[in-house]
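Could you put together the complete structure from these sequences and hints?
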Amino acid sequence: MLLSSDGTRTPGTAALFAEPARRGGIPPWAGDFRPANSAGNGPKNAVGKTFTLELPDGSTGRVVVQSLKSGKGGVVLALMGEDAPPF
Numbered sequence: 010m011l012l013s014s015d016g017t018r019t020p021g022t023a024a025l026f027a028e029p030a031r032r033g034g035i036p037p038w039a040g041d042f043r044p045a046n047s048a049g050n051g052p053k054n055a056v057g058k059t060f061t062l063e064l065p066d067g068s069t070g071r072v073v074v075q076s077l078k079s080g081k082g083g084v085v086l087a088l089m090g091e092d093a094p095p096f
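Residue numbers (the numbering used here): 10 to 96.
Please note: incorrect hints may appear among the correct ones.
Below, computed lysine-lysine pairings styled on DSSO-like, alpha-carbon distance capped at 27 Å [what the hints assert, rightly or not]:
no.	residue 1	residue 2
1	Lys-81	Lys-53
2	Lys-53	Lys-78
3	Lys-81	Lys-58
4	Lys-58	Lys-78
Hints are computed from structural coordinates only; laboratory data are not their basis.
These figures come from a predicted structure and were not determined experimentally.
In structure tokens:
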């Protein structure tokens, strides 16, 4: 689920991955978010905005939408994590 600063909730599916940690830093993470069919194309004008990603276990992480990809499978938002990975 993507949560916007105004409280709007967008249901969907996230595929996340972590990259190798840099020396002494928090390991960077990223992923894709596919809005559920009921959510349409997801948040409007989302590119460049920060959202909270909520995972099914209740953990959360802040993400920035890097890009929006459209294809035969629907819309996918490319995410970049802003803090420690929530997984």
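How the hints compare with the structure:
1. Lys-81 with Lys-53: Distance of about 20 Å is within 27 Å: holds.
2. Lys-53 with Lys-78: Distance of about 14 Å is within 27 Å: holds.
3. Lys-81 with Lys-58: holds (25 Å)
4. Lys-58 with Lys-78: holds (16 Å)
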